[in-house]
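Number of protein chains: 2
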Amino acid sequence: MSRAVAILGGSGAQRKRLALRWTRAGEKVIIGSRDRQRAQDAARNIAARLGPSLPISGMENSAACAASDLCVLTVPFASQADLLKQLKPAFRKGTVLIDATVPLASSVGGRSSRVLGVWQGSAAQQTAELVPKGVLVAAAFHNISSDVLGGDASVDCDAIICSDDDNARQAAAELALKIPGVRAIDGGKLENARIVEQITALLISINLRYKTHGVGIRITGI
Amino acid sequence: MSRAVAILGGSGAQRKRLALRWTRAGEKVIIGSRDRQRAQDAARNIAARLGPSLPISGMENSAACAASDLCVLTVPFASQADLLKQLKPAFRKGTVLIDATVPLASSVGGRSSRVLGVWQGSAAQQTAELVPKGVLVAAAFHNISSDVLGGDASVDCDAIICSDDDNARQAAAELALKIPGVRAIDGGKLENARIVEQITALLISINLRYKTHGVGIRITGI
Numbered sequence: 007m008s009r010a011v012a013i014l015g016g017s018g019a020q021r022k023r024l025a026l027r028w029t030r031a032g033e034k035v036i037i038g039s040r041d042r043q044r045a046q047d048a049a050r051n052i053a054a055r056l057g058p059s060l061p062i063s064g065m066e067n068s069a070a071c072a073a074s075d076l077c078v079l080t081v082p083f084a085s086q087a088d089l090l091k092q093l094k095p096a097f098r099k100g101t102v103l104i105d106a107t108v109p110l111a112s113s114v115g116g117r118s119s120r121v122l123g124v125w126q127g128s129a130a131q132q133t134a135e136l137v138p139k140g141v142l143v144a145a146a147f148h149n150i151s152s153d154v155l156g157g158d159a160s161v162d163c164d165a166i167i168c169s170d171d172d173n174a175r176q177a178a179a180e181l182a183l184k185i186p187g188v189r190a191i192d193g194g195k196l197e198n199a200r201i202v203e204q205i206t207a208l209l210i211s212i213n214l215r216y217k218t219h220g221v222g223i224r225i226t227g228i
Numbered sequence: 007m008s009r010a011v012a013i014l015g016g017s018g019a020q021r022k023r024l025a026l027r028w029t030r031a032g033e034k035v036i037i038g039s040r041d042r043q044r045a046q047d048a049a050r051n052i053a054a055r056l057g058p059s060l061p062i063s064g065m066e067n068s069a070a071c072a073a074s075d076l077c078v079l080t081v082p083f084a085s086q087a088d089l090l091k092q093l094k095p096a097f098r099k100g101t102v103l104i105d106a107t108v109p110l111a112s113s114v115g116g117r118s119s120r121v122l123g124v125w126q127g128s129a130a131q132q133t134a135e136l137v138p139k140g141v142l143v144a145a146a147f148h149n150i151s152s153d154v155l156g157g158d159a160s161v162d163c164d165a166i167i168c169s170d171d172d173n174a175r176q177a178a179a180e181l182a183l184k185i186p187g188v189r190a191i192d193g194g195k196l197e198n199a200r201i202v203e204q205i206t207a208l209l210i211s212i213n214l215r216y217k218t219h220g221v222g223i224r225i226t227g228i
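Residue numbers (this note's numbering), protein chains in the order written: chain V, 7 to 228; chain R, 7 to 228.
No lab work stands behind these hints: they were computed from the structure. Predicted, not measured: the structure shown is a model, and the values here were computed from it. There could be a bad hint or two in this list.
It does not matter which identical chain is used: a pair holds within one copy or between any two.
The calculated DSSO-like cross-link candidates involving lysine-lysine, where the alpha carbons are at most 30 Å apart (straight line), are [as the list claims (entries may be wrong)]:
(1) K94 x K34
(2) K217 x K184
(3) K217 x K94
(4) K139 x K217
(5) K217 x K195
(6) K91 x K139
(7) K34 x K217
(8) K139 x K195
(9) K34 x K99
(10) K195 x K184
(11) K91 x K34
(12) K184 x K99
Construct the complete structure from the given sequences, taking the supplied hints into account.
Following this line, the structure appears as structure tokens:
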């Protein structure tokens, strides 16, 4: 992939750690943030860690979105709709948007081991409703904990990808395979994202029970 | 475990194959069925395969339930509530009931890659509402395909167990560990069964996409 990957969102650990992984894999990465300065600082931190000449930069979210036709959305659910409304003019026809949002109940003060019901069926389907026509949505990367993304170890987790568009599915699969250890699993239609999103809440439950961080899942028998 | 395991349900493959696995592991198994004759035939088939002196028998569902304080429910969702109402007088206080029911939309003519919304939150919670007080409910064995249970190979799948009762959770874990390869994962409260049940629909989607049978899941990082 020679095109840039824009990772849009707030200030979460997952966004920076995906940026770290994809930069290390040779991708041209743009970190998006509400605040341009914070995005640039995050990009500089990664460059300082991996090599100052690497093609990683930071931009305000709308600018990052406009600068790329491959965007990954990692945002708390409570901010998802507002950010997508803001990004609306920045999207280009044919842009692939990979949504990693999980509608955890902690978004509204509830437990992170529970999810909210989303009218459209899933956070990813809400995204599909809110983006302009012609933006191609896939859901992926929900189940990979930022704890395991942080280092450089192989990641023992699959990325289950749900999409109604083959190009978006393919782009998400390529990005998944750039993270050592991760397999890209075709999880079917975008509507199935509701299950994949909920699995994250289950993994958080299991982390709480076992006092672990970063449990993940593998699909067996493929 | 010296007590008998009663596997209650209809005529599904999962019931017979769990019976096969647990009989092979040395458990005393009672196969339950609506029809006593069919239950006895199923038990005889397993005895013919594994050894005629093994303690496996067949009974009508209510008799099987009354004969054991450890029951496993593997029934199509459409039959779950009716069977539980029928079993009500047969349950004893302290009986452990392990529910493996998945509310697949195919129960009402829909797709097996989708689930129905259950008012209580999950099929397992519907079960908990329908059994007499004092029956201890756990949810488990949703994600283990009957295709992989059929042989004698090690099963590459975890059993995620959800329960509000430690004895029920423990009993389900012991049964899980009797199947070679299966790990028992503590999935938290019974309410989390809604996620574990839905994972089965996702696994069915993945089977359809990959033209496989019997994909499963593993929790990693524990």
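One pair to classify: K94 and K34, alpha carbons no more than 30 Å apart. Within, between, both, or neither?
Intra 23 Å, inter 63 Å, cutoff 30 Å: intra-copy only.
Cα distance capped at 30 Å. Does K184 pair with K99 within a copy, between copies, both, or neither?
Answer is within; shortest intra-copy Cα gap is 25 Å, inter-copy 54 Å.
Up to 30 Å CA-CA - K184 versus K195, copy category:
within (23 Å within a copy, 36 Å between copies)
At most 30 Å between alpha carbons: which applies to K217 and K184, within, between, both or neither?
Both. Shortest intra-copy (29 Å) and inter-copy (26 Å) distances satisfy the 30 Å Cα cut-off.
At most 30 Å between C-alpha atoms: does K34 with K217 qualify within a copy, between copies, both, or neither?
neither (36 Å within a copy, 35 Å between copies)
Within, between, both or neither: K91, K139 at alpha-carbon 30 Å:
Answer is within: at 13 Å inside a copy they meet the 30 Å cutoff, but 50 Å across does not.
Tell me, please, which holds for K139 and K195 at an alpha-carbon limit of 30 Å: within, between, both or neither?
Within one copy only: 18 Å inside a chain, 41 Å across chains, cut-off 30 Å.
Tell me, please, which holds for K139 and K217 at an alpha-carbon limit of 30 Å: within, between, both or neither?
Neither way: K139 and K217 sit 43 Å apart in one copy and 32 Å across, limit 30 Å.
Please work out whether the CA atoms of K217 and K195 approach to 30 Å or closer within one copy, between two copies, in both situations, or in neither?
Answer is between; shortest inter-copy Cα gap is 16 Å, intra-copy 33 Å.
Checking an output row: K91 and K34, CA cutoff 30 Å. Within, between, both or neither?
For K91 and K34, only the intra-copy Cα distance (26 Å) is at most 30 Å; the inter-copy one is 61 Å.
Measure nothing new, just compare the shortest in-copy and cross-copy C-alpha distances for K217 and K94 to 30 Å and report within, between, both or neither.
Result: close neither inside a copy nor across copies, 41 Å intra and 38 Å inter.
For K34 vs K99, is the C-alpha pair at or below 30 Å within one copy, between two copies, both, or neither?
Close inside one copy (21 Å), not across copies (63 Å); limit 30 Å.
Going down the numbered hints, you'll see the structure goes against 3, 4 and 7, while the others check out.
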